[in-house]
Amino acid sequence: MTDDNAAQDAVVIERSFDAPVELIWRMWTEPEHFKAWYGPGGATVPVAKMDVRVGGSRLVCIQIATPDGPMRMWFTGQYREVVKDQRLVYTESFSDEHGNVLAPAELGMPDGHPTTTQVIVELEDLGARTKMVMTHAGVPAESPGAAGWMMALDKLAAYITAESRQ
Amino acid sequence: MTSVIDEERLSETFAALANSTRRAILARLAQGEANVNELAEPFDMTLPAISKHIKVLERAGLVARTHRAQYRPCILDPAPLAELSSWAEQYRPVWEARFERMDDYVTNLRPRRRTGRTR
Chain Y
1 MTDDNAAQDA VVIERSFDAP VELIWRMWTE PEHFKAWYGP GGATVPVAKM
51 DVRVGGSRLV CIQIATPDGP MRMWFTGQYR EVVKDQRLVY TESFSDEHGN
101 VLAPAELGMP DGHPTTTQVI VELEDLGART KMVMTHAGVP AESPGAAGWM
151 MALDKLAAYI TAESRQ
Chain P
1 MTSVIDEERL SETFAALANS TRRAILARLA QGEANVNELA EPFDMTLPAI
51 SKHIKVLERA GLVARTHRAQ YRPCILDPAP LAELSSWAEQ YRPVWEARFE
101 RMDDYVTNLR PRRRTGRTR
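Protein chains in written order, with our numbering: chain Y, 1 to 166; chain P, 1 to 119.
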């Protein structure tokens, strides 16, 4: 339950696409294309703002249909590395629609280590094909204002499990 | 081979938690069972509105209603939250499904570029 543990926790996925590297790069960096594939099953991506340059910000909305009507989740972050057709690194945190990161305190959590996550996309040009390695990992927050939704969930889960055992 | 079920359940859990009223209800239930009236107390909301929030939590498997007549208190079921604690592994099926869609999408963008290969 520390930032170190969170940072070690990662999902790494490697796969190849039957498309040139320039096209796969556009999948990640052009909102029109990004929206077409990014939403989890049954979800849509009504908003994808991307200022794709180092330090530029991003804001993505995922909309899920629920019986109560559409439920929107917002994610914000910054681009950390932008090397066209090769490497893209950006951070991600749960936020509101204005890109304000939601802090653990706002989730009713005790104060803790603010955490955000990071997505690393590495592309390799194989001619007509492209190899892609995507790493999604937790990273320690660098600014005091940054806070993590996932870490907050960890804490909520631990807190509630502990409470319910009593 | 990604599990659509897992992805949907993860989405449901997130959707249930993406609301401050519902998180407050969970925090209250972590202290012990409560009925709808008790859960509604701290909020400036109608009972039907609170009931709606509880139903969302029930669908996500986070809250169960006991069947003691009349009283029917809500109790907390933390199991879905425990599953979220290894967030990275929870994200794997989501990403895999995304990349399946990306693959389909880029294939459709370039329908005539196949080089004598058959599927």
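Please keep in mind that the hints were generated in silico from the structure rather than gathered at the bench.
No experiment lies behind these values; they were computed from the predicted model shown.
The reader is advised that the hints may include incorrect statements.
Here are some of the chain Y residues that sit facing chain P, going by a computed Cβ distance under 10 Å [what the hints assert, rightly or not]:
1) Arg15
2) Ala19
3) Thr66
4) Met71
5) Tyr79
6) Glu81
7) Val82
8) Phe94
Note that the Cβ used here is the ideal one computed from N, Cα and C, for glycine as well.
Interface hint for Y:Ala19, Cβ within 10 Å of any Cβ on chain P: holds, 4 Å
May I ask you to test the interface hint for Y:Phe94 with respect to chain P, counting a Cβ-Cβ separation under 10 Å as satisfied? Y:Phe94 check passes; min Cβ-Cβ to chain P is 8 Å, inside 10 Å.
Should the interface hint for Y:Tyr79 be scored as holding, given a Cβ-Cβ cut-off of 10 Å against chain P? violated, 19 Å
Classify the hint on Y:Met71 as holds or violated, based on whether any CB of chain P lies nearer than 10 Å to its CB. Holds: closest Cβ of chain P sits about 4 Å from Y:Met71, inside 10 Å.
Would you check whether Y:Arg15 satisfies its interface hint, that is, whether its CB is within less than 10 Å of any CB in chain P? holds, 6 Å
How about Y:Val82: closest beta carbon in chain P under 10 Å, or not? violated, 19 Å
Just to be careful: measuring from the Cβ of Y:Thr66 to every Cβ in chain P, is the smallest value less than 10 Å? holds, 6 Å
Given Y:Glu81 was flagged as interface, is its beta-carbon under 10 Å from a beta-carbon of chain P? violated, 19 Å
When the structure is compared with the earlier hints, violations turn up for hints 5, 6, 7 and for no others.
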